[in-house]
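Peer 1: Each chain is listed here by its residues.
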Amino acid sequence: MKKQQKTKRPPGVCIPWQEKLKELPKISGDKELVQKVWQNIDALGYMYIWQCLLSF
Amino acid sequence: MAKDMEQLYQQRLKRYVAAMRNEKSDMIPIRPFVAEFTAKYAGYTCQEVTHDYEKAFAAARKCAADFDWDAVVSNMVYVWTGLTEAIGLKYYGVPGISIPPTTGFQYIEPPEEKAFMKPDEYDQLIEDPTGFLYNVWLPRVSADVSAMGQPTSFRNNLSFLKGGMAMLTYFNAFGKQNELLHTESGTVSAIAGILKAPFDIIADKLRGYLGLVTDVLERPDKVLAACEALMPHLTHVALSGADPDKNVPIGYWMHRGCVPFFSMEHFKRFYWPTFKPIVEEIWAHGHQVLFYAEGNWDAHLDSFAELPDQSIVYHVDHGDIFKVHKVLGEKFCISGGIPNWLLATGTPADVRDYCKKVIDGVAGNGGYIMDASAIVQNDAKVENIKAMTEFTRDYGVY
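Respectively, the protein sequence lines represent chains A and B.
Under our numbering, the first residue of the first sequence is numbered 1, with each subsequent residue one higher.
Under our numbering, the first residue of the second sequence is numbered 1, with each subsequent residue one higher.
There could be a bad hint or two in this list.
[What the hints assert, rightly or not] Think about it this way: if two alpha-carbon atoms lie no more than 25 Å apart in a straight line, the pair counts; the simulated DSS-like pairs of lysine-lysine are:
#1 B/222 / A/8
#2 A/8 / B/24
#3 B/331 / B/268
[To be verified] Covered, in the sense of this in silico footprint (three residues per stretch, anywhere, with C-beta under 8 Å from a C-beta of chain A), are these stretches of chain B:
#4 84 to 94
#5 128 to 139
#6 236 to 247
Keep in mind the hints are simulated off the structure, nothing from the lab.
Heads up, the beta-carbon is just placed ideally off N, CA and C, and yes, glycines get one too.
Just chain A, with the same shape it has in the complex:
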């Protein structure tokens, strides 16, 4: 499928991790854990608006 070019927000994403990462101090612990949890919860925000559009 044709890929979107230079998209701000790819599918499944509202606030990209790289954008959030810039706001955080240097992560002293498990960076991957912080990233994973951020992305999982961010995906709920994505699903909310697209389900509003498609299902409701």
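We have chain A; now place chain B onto it with these hints.
Peer 2: Frame of chain A; chain B shown alone:
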């Protein structure tokens, strides 16, 4: 769960899946898309099943337990108006509030000049679809959400909190509902996930049908680019809700992209090139798509025939099911074709005759699922639904 109930479930699942793979099983599976009919049968009003999803779930389970059906949609009265009211969505006629409690919910399209997306906003949508939906679209469709740059409010803040929690509660409840359908009546949950075509969604929720009719003539490149921008998102949402076991299909609800709502030229320029790759991508992941061809899509059967074998199930509403079978029957399973008007106004004998005609015409080699033409609402007679079910069980044995 009783062992015989599990056996019944497995038997029905096998039968349903075999038909969807365009194969022949022991008998024709029955999978009626019963919506407000469930309320009528279970003794609820449309308001009750639309506004209280637990009652909708209970009504669906009661029908599943009382009729010998292989699969049903867990809740075909899908739009829970408790949720839409919590968000403040403006585009619904809500049973018991703005329309009579005995009428099914309605979608209200705004007049062209009040479309939820303006004709000069295509670039914003194309650049960032998700941002556009949150920042521009949602404040227009919700009575509570504040527009960007406007003062926020208590109602604005609550809309997101209540809407998000309500949506999560509702979606999570489907897991339990599907489990109860399985254990109480051995019934398969018929579909999983949702898909709409980019072109349809622009007409349905953004520009409106009349707005899009204008746009395909006045700004066709923008329309095409917007469809392309929506493609990866609609694919992602569809796959996110798909059946992890890859048994049941993703429901694809087809609206107004066909002739005569649009010309064949427009279908081939906008609709099909931006939808076909979505189906191919989903099929590459191992999921079928159920084409719920509301209205009459017969003019486009040759396009649908381009798709890979078994990649879709094609549901017939007002189309000519015998023509559909001729064009698509070698490649895909077909469902539906029993007219809703017949179920509402005919006699059981009429229904049996029509079912025989359809079964004789399209089901001989398997690959057919018995169903009404469109979702079954509260105008259908109970005795006619029984006749459709019982006749298919008696006559539809291979």
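Peer 1: Hint by hint, work out which the structure violates, then give me just those numbers in ascending order.
Peer 2: 2
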